[in-house]
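Trainee: Residue strings, one per chain:
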Amino acid sequence: MKKWKVLSPLIVLALWQLLAGLGLLGKSTPTPVEVAQGIYQLTVTGFPPGYRLPGHIAASLGRVLLGFGMATLFAVPLGILMGWSPAFDNALDPLVEVVRPVPPLAWLPLALTWFGLGMFSSAFLIFLGAFFPIVLNTVSGVKSVDPYLVEAARTLGAGEATVLARVLAPAALPSIITGMRIGVGIGWMTVIAAEMVGVKSGYGLGYMILTARDVARFDYVVAGMVVIGVIGFLMDRLIKAAEKRVLRWR
Amino acid sequence: MNGNGRPALELRSLSKSFKEKKTGRTLEVLSGLDIEVRPGRLTCIVGPSGCGKTTLLRVMGGLEAPTSGEVFLGGKPVRGPGPDRGMVFQEYALFPWRTVLRNVTFGLALKGIPAREARERAEVYLGTVGLSGCEDLYPRELSGGMKQRVAIARTLAVEPSVLLMDEPFASLDAQTRNGMQEFLVDLWMRTGTTIVFVTHSVDEAVFLGQDIIGLSRRPARIVERLENTLGYPRTRTDPEFTGLRARILEYLVKEMAMERKI
Numbered sequence: 026m027k028k029w030k031v032l033s034p035l036i037v038l039a040l041w042q043l044l045a046g047l048g049l050l051g052k053s054t055p056t057p058v059e060v061a062q063g064i065y066q067l068t069v070t071g072f073p074p075g076y077r078l079p080g081h082i083a084a085s086l087g088r089v090l091l092g093f094g095m096a097t098l099f100a101v102p103l104g105i106l107m108g109w110s111p112a113f114d115n116a117l118d119p120l121v122e123v124v125r126p127v128p129p130l131a132w133l134p135l136a137l138t139w140f141g142l143g144m145f146s147s148a149f150l151i152f153l154g155a156f157f158p159i160v161l162n163t164v165s166g167v168k169s170v171d172p173y174l175v176e177a178a179r180t181l182g183a184g185e186a187t188v189l190a191r192v193l194a195p196a197a198l199p200s201i202i203t204g205m206r207i208g209v210g211i212g213w214m215t216v217i218a219a220e221m222v223g224v225k226s227g228y229g230l231g232y233m234i235l236t237a238r239d240v241a242r243f244d245y246v247v248a249g250m251v252v253i254g255v256i257g258f259l260m261d262r263l264i265k266a267a268e269k270r271v272l273r274w275r
Numbered sequence: 024m025n026g027n028g029r030p031a032l033e034l035r036s037l038s039k040s041f042k043e044k045k046t047g048r049t050l051e052v053l054s055g056l057d058i059e060v061r062p063g064r065l066t067c068i069v070g071p072s073g074c075g076k077t078t079l080l081r082v083m084g085g086l087e088a089p090t091s092g093e094v095f096l097g098g099k100p101v102r103g104p105g106p107d108r109g110m111v112f113q114e115y116a117l118f119p120w121r122t123v124l125r126n127v128t129f130g131l132a133l134k135g136i137p138a139r140e141a142r143e144r145a146e147v148y149l150g151t152v153g154l155s156g157c158e159d160l161y162p163r164e165l166s167g168g169m170k171q172r173v174a175i176a177r178t179l180a181v182e183p184s185v186l187l188m189d190e191p192f193a194s195l196d197a198q199t200r201n202g203m204q205e206f207l208v209d210l211w212m213r214t215g216t217t218i219v220f221v222t223h224s225v226d227e228a229v230f231l232g233q234d235i236i237g238l239s240r241r242p243a244r245i246v247e248r249l250e251n252t253l254g255y256p257r258t259r260t261d262p263e264f265t266g267l268r269a270r271i272l273e274y275l276v277k278e279m280a281m282e283r284k285i
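Chains as they are written, first to last, in this note's numbering: chain A, 26 to 275; chain B, 24 to 285.
In case anyone wonders, no lab produced these hints; they're calculated from the structure.
Any given hint might turn out to be false.
Derived BS3-like pairs: lysine-lysine, alpha-carbon spacing no greater than 25 Å straight-line [stated by the list, open to error]: (1) B:99 - B:134; (2) A:265 - A:28; (3) A:27 - A:265; (4) B:45 - A:168; (5) A:168 - B:42; (6) A:265 - A:30; (7) A:30 - A:269; (8) A:27 - A:269; (9) A:168 - B:44.
Can you build the whole structure from these sequences, using the hints too?
Mentor: Encoded structure:
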């Protein structure tokens, strides 16, 4: 069964190569070979010329890391407080629930006036995209902590601060990490969209794709898509591996 | 084991009521209990299921506040939980993300004991409960009996003046349970800790307890107080053992019968 994991993508690639090669997918659709050449050219000469692929990747990743890092920094403590204190939860839950459904991109006009064009605007959108899944997962993680663990800690001499930091936080860690995985995924999707509409700095995978479209370089467009997919996949794998290490007690 | 005759733990006309969320009625769980736990002794509290035994122990531990009456520990009133009253729960309540050793050092660190000393002390207590060599295992790798021994070591390590145990062996299989009862008697004889042990099992109470307190159905009152002078280790086939067990069972059956009539 495992061989299908390798075989099925190969079949899809072959079919794609065949159909696109025969011009059956429209004249704009590049073949896999052209896409591979596109990735090579992007790496060597870059697009727009001089703006090479590693630079695009670094710019997009940097924005995601900044936005996602800030989201984690704020969302985890907030989620722990909301999970721990019904008063906090009641006060903040309505706000969270109303702001959450607003797509991060809807914030773009405001973000541009607040942070200007560039790194911080897109990082802010990523922050918004990653923030809510992390908060909600942290809250539910803390709420489902076995109350006996908290009581055991109290009878061993723990005060509130110790209960929060030494019991609730580690007990909720599996949920927190799940939230982070979802958050980084959303952040990665958001950065591409944000770069397409708001960032004109020259670097960024989303920006690169949109510029390639303007000059009808569809091999670069699909090359960009492939790179986005692979990096998204790798980030998820990285967090999964980290999770396995951090949660080896499970 | 101080010899000044003052009880280790004392409950004075202690009552506890809860408000039922659905109906808004007040539910009385404990009704005017007077209990003196003598230092160094193994006291068993036995009563029918759902009579409020666990609530009673939680009040002693400070996890619940009494509605009226007071709890005194060594003459001082108890307010809230604290490391002077160690608790062992039926559910073990081990921290699953901490190794066995780090479960035991949890309370020691909170006492401000330096890491190295805490580690040494934890190792001593793990030895006391027969778990030397298990320091680096995680709770999920342990059997139920081992988990409960870790929980006991964790509690003993902070050196509480009273050890409160809430049906600690109830979720173990019968064989492990008997083993743990023998283990507890042995541990208690070695350490001399004051123990209050709550159980619904008359057999367990008679096997373990020096002082046995029998509670009525809810609201719990004290209906039986007796001293079990049988020497340790006890044999379940001993006529005195079976006699004592029969006597307590008789009152329990009466309590249950009354419940059915209501």
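Trainee: Compare the distance between the alpha carbons of residue 27 of chain A and residue 265 of chain A with 25 Å, and conclude whether the hinted pair is satisfied.
Mentor: holds, 20 Å
Trainee: Taken at face value, is the distance from the CA of residue 44 of chain B to the CA of residue 168 of chain A at most 25 Å?
Mentor: holds, 20 Å
Trainee: Holds or violated: residue 99 of chain B with residue 134 of chain B, Cα cutoff 25 Å?
Mentor: Answer holds: residue 99 of chain B to residue 134 of chain B is near 20 Å, not above 25 Å.
Trainee: Please work out if residue 30 of chain A and residue 269 of chain A have their alpha carbons no farther apart than 25 Å.
Mentor: holds, 23 Å
Trainee: What's the verdict on residue 168 of chain A and residue 42 of chain B, does the C-alpha distance respect the 25 Å limit or exceed it?
Mentor: holds, 23 Å
Trainee: Do the alpha carbons of residue 27 of chain A and residue 269 of chain A lie within 25 Å of each other, as the hint requires?
Mentor: holds, 22 Å
Trainee: Does the alpha-carbon distance linking residue 265 of chain A and residue 30 of chain A stay inside the 25 Å limit?
Mentor: Since the Cα atoms of residue 265 of chain A and residue 30 of chain A sit roughly 19 Å apart, the hinted pair holds (cutoff 25 Å).
Trainee: Starting from residue 45 of chain B, check that the Cα of residue 168 of chain A is at most 25 Å away, please.
Mentor: holds, 22 Å
Trainee: Holds or violated: are the alpha carbons of residue 265 of chain A and residue 28 of chain A at most 25 Å from each other?
Mentor: Holds. Residue 265 of chain A to residue 28 of chain A sits at ~23 Å (cutoff 25 Å).
In this structure, none of the earlier numbered hints is contradicted; all agree with it.
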